[in-house]
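A.B. asks: Dock chain L against the given chain Y, drawing on the hints supplied.
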Amino acid sequence: MKKKIGLLLTCAFAAAAVTGCSGSAASSNSQTAAGDNSSDGAVKMTMSWWGNQVRNERTQQALELYGEQNPGVTIEGQFSEWSNYWDKLATSAAGQAIPDLVQMDYMYLDQYVKNGMLLDLTPYIEDGTLNVSDISENTMASGSVDGGIYAICAGINSPSLLYNKNLLDENSIEIKDNMTIDEFYAVCLEVFEKTGVKTNIAYGIPETYNNYFVRSFDTPQFVDGKMGGSAETYVPYFEQYTKGLEEGWLIDPGVFSELALGSGEQDPLIYGTTPQTQSWCAFYNSNQLAAMQSAAPAGTEIGITTWPAFDPVKSGFLKSSQFFSVGAHTKNPEEAVKVLNFLTNSLEANDVLLGERGVPASSVVADAIAPKMSESDQKVVTFINEVVTPNCSPIDPPQPEGASEVYNLLIQMVEKVCYGEMDAQTAAEQFFAGAVKIMDGKQ
Amino acid sequence: MDRKKSMSFRQSINKESTAGVVFSLPFIIGFLAFMIVPMGISLYYSFCDYNILSPAVFSGLKNYIKMFTDDEVFYKTIRVTFYFALVSVPLRLVFALIVAMILQKTTRATGFYRAAYYLPSIIGGSVAVAILWRRMFATDGVVNRLLAVIGINTSYAWLGNTSTAIWVLIILAIWQFGSSMLIFLSSLKQIPVTLYEAARVDGANKISQFFKITLPLLTPTIFFNLVMQMINGFLAFTQCLIITEGRPMNSTLFYTVYMYQQSFKFSNTGYGAALAWVMLLIIGVITAVLFATKRFWVYTEGV
Numbered sequence: 294m295k296k297k298i299g300l301l302l303t304c305a306f307a308a309a310a311v312t313g314c315s316g317s318a319a320s321s322n323s324q325t326a327a328g329d330n331s332s333d334g335a336v337k338m339t340m341s342w343w344g345n346q347v348r349n350e351r352t353q354q355a356l357e358l359y360g361e362q363n364p365g366v367t368i369e370g371q372f373s374e375w376s377n378y379w380d381k382l383a384t385s386a387a388g389q390a391i392p393d394l395v396q397m398d399y400m401y402l403d404q405y406v407k408n409g410m411l412l413d414l415t416p417y418i419e420d421g422t423l424n425v426s427d428i429s430e431n432t433m434a435s436g437s438v439d440g441g442i443y444a445i446c447a448g449i450n451s452p453s454l455l456y457n458k459n460l461l462d463e464n465s466i467e468i469k470d471n472m473t474i475d476e477f478y479a480v481c482l483e484v485f486e487k488t489g490v491k492t493n494i495a496y497g498i499p500e501t502y503n504n505y506f507v508r509s510f511d512t513p514q515f516v517d518g519k520m521g522g523s524a525e526t527y528v529p530y531f532e533q534y535t536k537g538l539e540e541g542w543l544i545d546p547g548v549f550s551e552l553a554l555g556s557g558e559q560d561p562l563i564y565g566t567t568p569q570t571q572s573w574c575a576f577y578n579s580n581q582l583a584a585m586q587s588a589a590p591a592g593t594e595i596g597i598t599t600w601p602a603f604d605p606v607k608s609g610f611l612k613s614s615q616f617f618s619v620g621a622h623t624k625n626p627e628e629a630v631k632v633l634n635f636l637t638n639s640l641e642a643n644d645v646l647l648g649e650r651g652v653p654a655s656s657v658v659a660d661a662i663a664p665k666m667s668e669s670d671q672k673v674v675t676f677i678n679e680v681v682t683p684n685c686s687p688i689d690p691p692q693p694e695g696a697s698e699v700y701n702l703l704i705q706m707v708e709k710v711c712y713g714e715m716d717a718q719t720a721a722e723q724f725f726a727g728a729v730k731i732m733d734g735k736q
Numbered sequence: 007m008d009r010k011k012s013m014s015f016r017q018s019i020n021k022e023s024t025a026g027v028v029f030s031l032p033f034i035i036g037f038l039a040f041m042i043v044p045m046g047i048s049l050y051y052s053f054c055d056y057n058i059l060s061p062a063v064f065s066g067l068k069n070y071i072k073m074f075t076d077d078e079v080f081y082k083t084i085r086v087t088f089y090f091a092l093v094s095v096p097l098r099l100v101f102a103l104i105v106a107m108i109l110q111k112t113t114r115a116t117g118f119y120r121a122a123y124y125l126p127s128i129i130g131g132s133v134a135v136a137i138l139w140r141r142m143f144a145t146d147g148v149v150n151r152l153l154a155v156i157g158i159n160t161s162y163a164w165l166g167n168t169s170t171a172i173w174v175l176i177i178l179a180i181w182q183f184g185s186s187m188l189i190f191l192s193s194l195k196q197i198p199v200t201l202y203e204a205a206r207v208d209g210a211n212k213i214s215q216f217f218k219i220t221l222p223l224l225t226p227t228i229f230f231n232l233v234m235q236m237i238n239g240f241l242a243f244t245q246c247l248i249i250t251e252g253r254p255m256n257s258t259l260f261y262t263v264y265m266y267q268q269s270f271k272f273s274n275t276g277y278g279a280a281l282a283w284v285m286l287l288i289i290g291v292i293t294a295v296l297f298a299t300k301r302f303w304v305y306t307e308g309v
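Chains as they are written, first to last, in our numbering: chain Y, 294 to 736; chain L, 7 to 309.
Pulled out of the complex, with its shape left as it was, chain Y reads as follows (with noise of 0.2 Å):
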């Protein structure tokens, strides 16, 4: 009788303790908790980006010079491709566990903050953890939000055109910074008829191109949260796959089914292995450069300049290319801001970032590492400050909510233009009634 009690009563226990330590058919979703404090002192954190291998293998050196000079803190980095970044990020959001520090971009920081998962930097500034003294207030400006400021730019860049700069040499194609749209498209041909070799134009990757032709236009592509110009607006856009497609030069849009779109180390200037898989050009950011350069094949020279539009000047623009912020849900405010703040004004650090998300926002670091930085990301430096700044406007306020279903709209659209499925004009109305829904759902 009491062995039989016993038994059974040491048995619920351990049915307890088992359920306890595991559920029956869920995954624990622990990976992107946030940080938290272990008794002994010692400090956790994670910190999120996205971005290419030199990015990532320089960012991890940097925040393990963070902790050689603060011991008792780690900070584990989660990095991870553009195309998943955001869908990663939200989840985390979802569960209250988003990382200590995130490296956040203009198009959804919008979003984030007015959902209360950036903290406010401000008192962080003011009581001095944070110095931003070196930064221009332009770029500051980029990275507030309602008065408040959310995020802290971590490199400046501007759109531009990567190339094969040996390509174009070797067949004497002459090509020039700030060019125009016919001039572009004289340049497709030319390389497509000397060499067989096609052009990518920004296929799957649609959202900065397509903001930056419609400002030649005088329109803003959003105004209050609702689409701004009409469905004309964007026929020219459309018109360029089509008479790509007519004179031959358009990259087969079946190339991508087996790449993953977005990614440097896999884009048709630099992987394909035919010239009908390849692109003489590829439209990404100034700070995309010097990845590019490591990942292209031995002896290929890449060039780069401004991406065509009907008004380069009207066009073109300086952004952040990247923000870092504070996750709101952070177990250690304090202690994230003096890791942004070693990341964003530290010497030692941004000798080992060197640049790559763009030029240091910080003079005194754009400065001081200038020097050291390699050959690639110096021409990057030229680029911005000789070719791009004198010739740009402001950029526009940050897309808001919904602008990612509306871009992946645009993605579809231009796939069926692609396919010989739509002519522009209809690609376009449909485009545009589309994005009109989704833009007024989000009202």
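Errors might be hidden in some of the hints.
[Unchecked claim] Mimicking DSSO-like on lysine-lysine, the simulated pairs with C-alpha atoms at most 27 Å apart in a straight line are:
(1) L/Lys68 - Y/Lys519
(2) L/Lys212 - Y/Lys519
(3) L/Lys82 - L/Lys271
(4) Y/Lys297 - L/Lys195
(5) Y/Lys735 - L/Lys68
(6) Y/Lys407 - L/Lys271
Everything labelled a hint here was simulated from the structure, so no lab data went into it.
C.D. replies: Chain L in isolation, oriented as in the chain Y frame:
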């Protein structure tokens, strides 16, 4: 004199049923916490506007109405998912049965072959194999090179054409027939040899034997496999997401991937929850239909 018969605590612990409840507590707690409660929350969200970052706002049947009247991608994904499930599952079962019949005879190599055919079904669902598959069917991938060896020189983009992209995914699904094959093997062994002997005596050849003896007696297993694989077919996710994510032009966009895109990429999580519940209904209806037709073709009397 009435004496209410109530059990003491001691006695109630000793009852058999109490032991049963206690032992199944871990499962019950897990089931409630990780299945029932989230399902309930998901049902609530399907009637709300929810974007993960801010609290859900009740909006009634808006999501469901939008799904059926305003969303052409929804109908496309239904077509794609049905096509995928209705093609890959029967083909998979056919291959499983054929290979099981071949491997019925035990020779020295059978053990190796069984393991070899079972391996894809374990590793096939993984991300690594999906990435590998994508590379294989690339324009300069293994498949095209093998075709060149035979003499067909092509750089056909298997994944780039709407007509063939879905077949890449179907072939991946069929390749994983191993688990069904093992189940068929064990059922084949349960068919009494005496039936075959009797048939041979009566003069039946192998083909007759197959269609008159093996197949009818296998129908319960076929039914089981069909139901399970059909459900899995509708829920396929990883392969689609990694290999094509719907490209080209949504010709390979599975329902589950569309749900994922809506929920996490576009922050229409309420809509995504509504999509999930509609899928549950669809699978429920299909399973019910399969069960209803059971008595027409499944032999259940036992041997």
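A.B. asks: All the hints need checking, so say for each whether the structure fits it.
C.D. replies: Against the structure, the hints:
no.	hint	result
1	L/Lys68 - Y/Lys519	holds, 21 Å
2	L/Lys212 - Y/Lys519	violated, 71 Å
3	L/Lys82 - L/Lys271	holds, 19 Å
4	Y/Lys297 - L/Lys195	violated, 43 Å
5	Y/Lys735 - L/Lys68	holds, 13 Å
6	Y/Lys407 - L/Lys271	holds, 18 Å
Hints 2 and 4 from the earlier list are contradicted by this structure; the remaining hints agree with it.
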